[in-house]
Amino acid sequence: MFAGLTRNDKLLFIGFTIAALAMPLLAWPVGANYPDLLQKFAIYGIFAIGFNILFGLTGYLSFGHAAFLGVGSYAAVWMFKGVTMNVIPAVIFGVMVSGMFAALIGFISLRRSGIYFSILTLAFAQMSYNLAYSVLTPITNGETGLQLSQDDARIIDRLFVEQGAGLPSTNLFGLEMSGYPGFYFCCVLLIIAFFISLRIQRSPFGMMLRAIKTNQVRMNYTGFNTRPYALTAFIISGMYAGLAGSLLAVTDPLAGAERMQWTASGEVVLMTILGGAGTLIGPILGAGLIKYFENIFSSYNDGLLSESFSFLPDFLNDTLVFIIGPFVGEGWSLLLGIVFMAIVIFLPGGLMEGLTRIHGWYRRRGGGDTRAADAASSRQAAE
Amino acid sequence: MAILEVNDVNKAFGGLKALNAVNLSVEEGTVHAIIGPNGAGKSTLLNCFVGRLIPDTGSVMFNGKSLLGIKPHEINQTGVARVFQTPEIFTDLSILENVMIPAFAKLDGAFRINAWKTVGSRGEVRDMAEKVLVEVGLHEKRDVISSSLSRGDKRRLEMAMCLVQEPKLLLLDEPTAGMSRADTNNTVDLLQRVGTHITKIVIEHDMHVVFSLADHISVLAQGTVIAGGKPADIKGNPKVQEAYLGGSHA
Numbered sequence: 039m040f041a042g043l044t045r046n047d048k049l050l051f052i053g054f055t056i057a058a059l060a061m062p063l064l065a066w067p068v069g070a071n072y073p074d075l076l077q078k079f080a081i082y083g084i085f086a087i088g089f090n091i092l093f094g095l096t097g098y099l100s101f102g103h104a105a106f107l108g109v110g111s112y113a114a115v116w117m118f119k120g121v122t123m124n125v126i127p128a129v130i131f132g133v134m135v136s137g138m139f140a141a142l143i144g145f146i147s148l149r150r151s152g153i154y155f156s157i158l159t160l161a162f163a164q165m166s167y168n169l170a171y172s173v174l175t176p177i178t179n180g181e182t183g184l185q186l187s188q189d190d191a192r193i194i195d196r197l198f199v200e201q202g203a204g205l206p207s208t209n210l211f212g213l214e215m216s217g218y219p220g221f222y223f224c225c226v227l228l229i230i231a232f233f234i235s236l237r238i239q240r241s242p243f244g245m246m247l248r249a250i251k252t253n254q255v256r257m258n259y260t261g262f263n264t265r266p267y268a269l270t271a272f273i274i275s276g277m278y279a280g281l282a283g284s285l286l287a288v289t290d291p292l293a294g295a296e297r298m299q300w301t302a303s304g305e306v307v308l309m310t311i312l313g314g315a316g317t318l319i320g321p322i323l324g325a326g327l328i329k330y331f332e333n334i335f336s337s338y339n340d341g342l343l344s345e346s347f348s349f350l351p352d353f354l355n356d357t358l359v360f361i362i363g364p365f366v367g368e369g370w371s372l373l374l375g376i377v378f379m380a381i382v383i384f385l386p387g388g389l390m391e392g393l394t395r396i397h398g399w400y401r402r403r404g405g406g407d408t409r410a411a412d413a414a415s416s417r418q419a420a421e
Numbered sequence: 068m069a070i071l072e073v074n075d076v077n078k079a080f081g082g083l084k085a086l087n088a089v090n091l092s093v094e095e096g097t098v099h100a101i102i103g104p105n106g107a108g109k110s111t112l113l114n115c116f117v118g119r120l121i122p123d124t125g126s127v128m129f130n131g132k133s134l135l136g137i138k139p140h141e142i143n144q145t146g147v148a149r150v151f152q153t154p155e156i157f158t159d160l161s162i163l164e165n166v167m168i169p170a171f172a173k174l175d176g177a178f179r180i181n182a183w184k185t186v187g188s189r190g191e192v193r194d195m196a197e198k199v200l201v202e203v204g205l206h207e208k209r210d211v212i213s214s215s216l217s218r219g220d221k222r223r224l225e226m227a228m229c230l231v232q233e234p235k236l237l238l239l240d241e242p243t244a245g246m247s248r249a250d251t252n253n254t255v256d257l258l259q260r261v262g263t264h265i266t267k268i269v270i271e272h273d274m275h276v277v278f279s280l281a282d283h284i285s286v287l288a289q290g291t292v293i294a295g296g297k298p299a300d301i302k303g304n305p306k307v308q309e310a311y312l313g314g315s316h317a
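Protein chains in written order, with the working numbering: chain A, 39 to 421; chain G, 68 to 317.
The hints are simulated quantities; they were obtained by calculation from the structure and are not laboratory data. As the structure is a prediction and not an experimental result, all values here were calculated from the model. Be a bit skeptical, because a hint or two may be false.
Claimed, not checked - Some chain G residues near chain A, calculated using beta-carbon distances under 10 Å:
no. : residue
1   : 117
2   : 118
3   : 121
4   : 138
5   : 139
6   : 164
7   : 175
8   : 184
9   : 187
10  : 189
11  : 278
12  : 297
Said to hold, decoys possible - To be clear about the criterion: a stretch of chain A counts as covered by chain G if any three or more of its residues have a C-beta under 8 Å from a C-beta of chain G, and this derived list gives those stretches:
no. : stretch
13  : 41-55
14  : 255-261
Ideal Cβ placement from N, Cα and C applies to all residues, glycine included.
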């Protein structure tokens, strides 16, 4: 499994695995150690890893990746409704269906590159979103969203177990997928997803994708048929999105069309750029940060704010609440916007560039042969 | 034996006739220079060989097979490599990676997914690339990101990327354009030294370069081949002198 990977890559993977498994502990100091949020970290981490394979590695900016997330969710819920509440078939089905969907959309969209590709993917995603609300209502259950119900077929489950009075819950061979078991299921898949992405980045295939991003003209005159490469990257990243979508259904067996909306597609773009497009870890960091901000800051309101500043004199308290108020609660995306602008302007390489800079600064202070070390570390980060 | 046979090729851009009944025959193993004043149609002709342009009429046969209507990557896979006027390299990648990529194209073909094995596990590809890098003198810089190279080094890198594929035909579009005299001499030296068995077509403005490299020269003016022959013949040809050499290049 590790054959051919360098020592650094092995360490990176082991470090990542430990960090992912210890996420409840690591998230504790910032108050994010509850399973619902941790699950979101893992799920959107997978989504961002997949998106990064297309955008960060191959250089195709898709503005419609939420469509695959939504398709994965719908497919998984249908599996829950039709066959079994066991999560394994649902996840596999979700990944496969969104992979096929990605093959179709990718085949058409990849006839163009640059901004035209982005617009095509955006158009397809919006189309899927609107179809889910209108003609596809028999499959998507329209505005209500696709939900479990008492009279679902659940062929396999009915063979073995008597149906209970309430709605069944998703499970892994009997282990209920709520709370920490649910998080760890997502976490294991995150680790696998990360490992596959690592292997892809280090493989000749990954090298070709980076070359396509850098100079597509040269690739063609070098004897490569670039379109199947880009299409493969598109399908893989669509499958990652489908996996994330089906995991959303695993943690909460409900699928709605709003998951496919363009704002959701935009969110994964933000995550990837915020963390550092093209890097291995960056997109996961970006996903975690955005989901954390969303949860923490969207729950604040003026009352809570004023409470947290209650140690201040009244007029200061009021002023602060007046200034900060618009940036929290429903206005939290205002805060996200400012953070995003600051990162794009000052750290175009995202959080990973920031970390590399801090690392370089630290090394310089430590003395020694810093220039070589810097070059090596920035190169490492770039990969 | 002629490796490239160009017959009666015409190409017009709107009302402008860029190529007018061009005939050309390139012998295997030779260096064939195409010279001519600006706007003579040299680059247009080259673009017809690599699938970037399709002639309106006429035929381009490479090793007995037509090159018309097939895609650039397919043409490369049949053994035609091209060096561009402005170096086309993978600027975000290291020099070694730049040369390994064409080596992969040579060994694995136009499309193959090998996403599980690491690049490092393909030792033979690395060996091929390193060997060529030694030849062109870029081996010591192999881990440098190629965007930081000088123009001369970028050109040498692009040449290495072509040479690693061991093409049957190498097309060089003004390989010394915009280079200092020293860099130009280095390039000429390099072209004389490496890939000597490869048939080359060179488009060039610099007469010094042309006369040091070429076995055969074709002179293109206003889209037509007005003369062809050994360098010595071309030098004395009055038609050529009038069209080209008679100017500031004499």
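Structure-based check of all given hints:
Using the Cβ-Cβ criterion of 10 Å, the hint placing residue 117 of chain G at the interface with chain A is satisfied: the shortest such distance is roughly 6 Å. This hint holds: residue 118 of chain G has a C-beta 9 Å from the nearest C-beta of chain A, less than the 10 Å allowed. Interface restraint check for residue 121 of chain G: the shortest CB-CB distance to chain A comes to about 15 Å, outside 10 Å, so the restraint is violated. Interface restraint check: residue 138 of chain G against chain A, minimum CB-CB distance 7 Å, threshold 10 Å, status holds.
The criterion of a C-beta within 10 Å of any C-beta in chain A is met by residue 139 of chain G, whose closest approach is roughly 4 Å, and the hint holds. Given the 10 Å rule on beta carbons, the hint for residue 164 of chain G holds: about 6 Å separates it from the nearest Cβ of chain A. Residue-level restraint check for residue 175 of chain G holds (minimum Cβ-Cβ distance to chain A is 7 Å; threshold 10 Å). Interface restraint check for residue 184 of chain G: the shortest CB-CB distance to chain A comes to about 6 Å, inside 10 Å, so the restraint holds.
Evaluation of the residue 187 of chain G hint against chain A yields a held restraint, the C-beta minimum of about 6 Å falling below 10 Å. This hint holds: residue 189 of chain G has a C-beta 6 Å from the nearest C-beta of chain A, less than the 10 Å allowed. Of the supplied interface hints, the one on residue 278 of chain G is violated, with its beta-carbon coming no nearer than about 28 Å to a beta-carbon of chain A, more than 10 Å. Violation of the interface hint for residue 297 of chain G is found here, the shortest Cβ-Cβ separation to chain A being roughly 31 Å, above the 10 Å cut-off.
Coverage of the stretch 41-55 of chain A by chain G holds [criterion: at least 3 residues with CB-CB distance below 8 Å; count 4]. Proximity of the stretch 255-261 of chain A to chain G, defined as three or more residues with a beta carbon under 8 Å from a beta carbon of that chain, is established by the 7 residues found.
Hints 3, 11 and 12 from the list above are not met by this structure, while the remaining hints are.
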